[in-house]
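> Chain residues, written in single-letter form:
Number of protein chains: 2
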Amino acid sequence: MTATITAFERSPDRGKGLARDMRVRWALEEVGQPYEVRLLSFAAMKQPGHRALQPFGQIPTYEEGDLSLFESGAIVLHIAERHAGLLPGDANARARAISWMFAALTTLEPPIFERDMVRILDREKPWYEERLSALDETIRKRLSDLARHLGAAAWLDGAFSAGDLLMVTVLRRLQGSDLLEERPTLAAYVARAEARPAYRRAFAAQLADFTASSAG
Amino acid sequence: MTATITAFERSPDRGKGLARDMRVRWALEEVGQPYEVRLLSFAAMKQPGHRALQPFGQIPTYEEGDLSLFESGAIVLHIAERHAGLLPGDANARARAISWMFAALTTLEPPIFERDMVRILDREKPWYEERLSALDETIRKRLSDLARHLGAAAWLDGAFSAGDLLMVTVLRRLQGSDLLEERPTLAAYVARAEARPAYRRAFAAQLADFTASSAG
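Listed in order, the protein sequences are those of chains A and B.
Under this note's numbering, the very last position in the first sequence is 1712; numbers go up by exactly one each time.
Under this note's numbering, the very last position in the second sequence is 1712; numbers go up by exactly one each time.
The hints are simulated quantities; they were obtained by calculation from the structure and are not laboratory data.
Hints should not be assumed to be uniformly reliable.
Put simply, identical chains are the same to the list, so a pair is met inside one copy or across any two.
[Claimed, not checked] Straight-line alpha carbon distances no greater than 20 Å define the calculated DMTMM-like cross-link-like pairs of lysine to aspartate or glutamate that follow:
#, residue 1, residue 2
1, K1621, D1632
2, K1512, E1610
3, K1621, E1610
4, K1542, E1633
5, K1637, E1610
6, K1542, D1641
7, K1512, E1625
8, K1542, E1505
9, K1512, E1626
10, K1542, D1618
11, K1637, D1674
All chains should be modelled from the sequences, with the hints used to inform the complete structure.
What follows is the structure, given as C-alpha cells:
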C-alpha cells in the first residue's frame, strides 16, 4: 500500500529541502518505497481535518492504510523498522543507531532550528546579537563533540543509518555558515550524504513540488 | 543482567526529579527491571571516559552487558521494546505511541526547557520579560493543542505508554507556573501519572541519591 505524506504547499525555504517532509521522502527513497504527497497551505494545516492527523498543526504526517503517524522522527523510525536499509540487523547496533536519531532531533536540532528562527524573526529585537552569539556558542560545542566522535569515519556508527539521515537533515540548516564550513569533517559528512542517490531523488521531488506549487 | 545508568552527582534541581535520568528510572520501574546508578560530577561528565559513552558529555547513559546507549528518549524506547508495559502490542498503536514520544521531546520540550534556562540565566537582562513572554506564547499554543487532543481521556492514545511517560516528564518542568495550572486537563494528566507506583518509586530513588550525595 502506497503511503501518503503531507508537505508545505509553499515551502518557506523556497526549495532548499529544509522542511521536515524531506526526511521522510529521503527515508522512503533509501528503502525503495513509493509515496504520494498531499500539499497543504498554512491555513489548511491549522484546520480540524489536519489536526486530527497532527494535533499541533504541523507537517509531515504519514498515512498508510489504517495507520496515521506524525513527527518526522517517528515516521522515519517506522519506515526504518519495516524496510531494510536504514537500521543495522544486529540488535545492539540498531539500538545505537536509534540513539543517534534522538541525538539529532533533541541535542542538535533545537539550538540549530532556534538559530534560524532568531535570524528570521528576532532581527529587530533588543536581544538579537546577544541571543545569536549564545546560540552559536551552544551549537559550536555540539558540533565539536560531533566532529570528535565522527573522526575519520564515514558515518556515525558503522554503516549509513536513520541516525545519519536525521543528523544530516539537521546539519543542512547550517550550510553556508561558518559554524559548519569551519569544520571540514562535518561539511564532508553532509556532502557525502547528499551524494547518495536516494537523497538526490528526494531533494528533486521536493523541489519539483515547490516549483509546481509556486507556478500555480 | 542489571543495567547501569548515569545521573548527576548533585542534581541542579535539588531533588525535584527534572533531570533526564528520571525518565529512565521511571521506565525501568514501570517494566519491573532493577538497575544500578553511577553518579557523576559535572567535571567527570566532560572527561574522555564518559564521552566514550556519551559524545556530548551528558547524562543519562545506559549500559547493559555489551550494549551502551545514550539519549533518554532512545533509552526509554529500548526498555519499552524489550519489556512489556510501555508500548501497546498492536503494531499501529505502537507506532502511534512512538509518535508521542517524539512529540514530547521535539515539539514540547525545546521551548519548555528553554524557558527554564531563560529564567535561570537571563533574569538580569534588559529584555528578560519580553523574551519570557515570547516563549510563554509558544508554549501556550503547544499546551492548548495538547489539551485539545487529550480531552477527557486519561492518556494520549489508549493505555499509558512511553509517550505519556516522556510527555509528563516534560510537563513537570511547568509545575507551579500558570502555563500548566491554568489548564486543569493537563494538570490532572500530570497528577495522574505521578500517582503511578512506578513513578513514585523512581522519584524516591532519585531523591535518595540526591540527598545522599548532598550530605557527603
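> Each hint: holds or not?
Here is how each hint holds up against the structure:
1. K1621 x D1632: Classified as both: same-chain Cα gap 17 Å, cross-chain 17 Å, threshold 20 Å.
2. K1512 x E1610: within (18 Å within a copy, 27 Å between copies)
3. K1621 x E1610: both (15 Å within a copy, 18 Å between copies)
4. K1542 x E1633: between (35 Å within a copy, 17 Å between copies)
5. K1637 x E1610: both (15 Å within a copy, 17 Å between copies)
6. K1542 x D1641: between (38 Å within a copy, 10 Å between copies)
7. K1512 x E1625: Classified as neither; 25 Å inside a copy, 34 Å across copies.
8. K1542 x E1505: within (13 Å within a copy, 44 Å between copies)
9. K1512 x E1626: neither (28 Å within a copy, 31 Å between copies)
10. K1542 x D1618: neither (24 Å within a copy, 33 Å between copies)
11. K1637 x D1674: within (14 Å within a copy, 33 Å between copies)
Violated hints for the displayed structure, listed by number in ascending order: 7, 9, 10.
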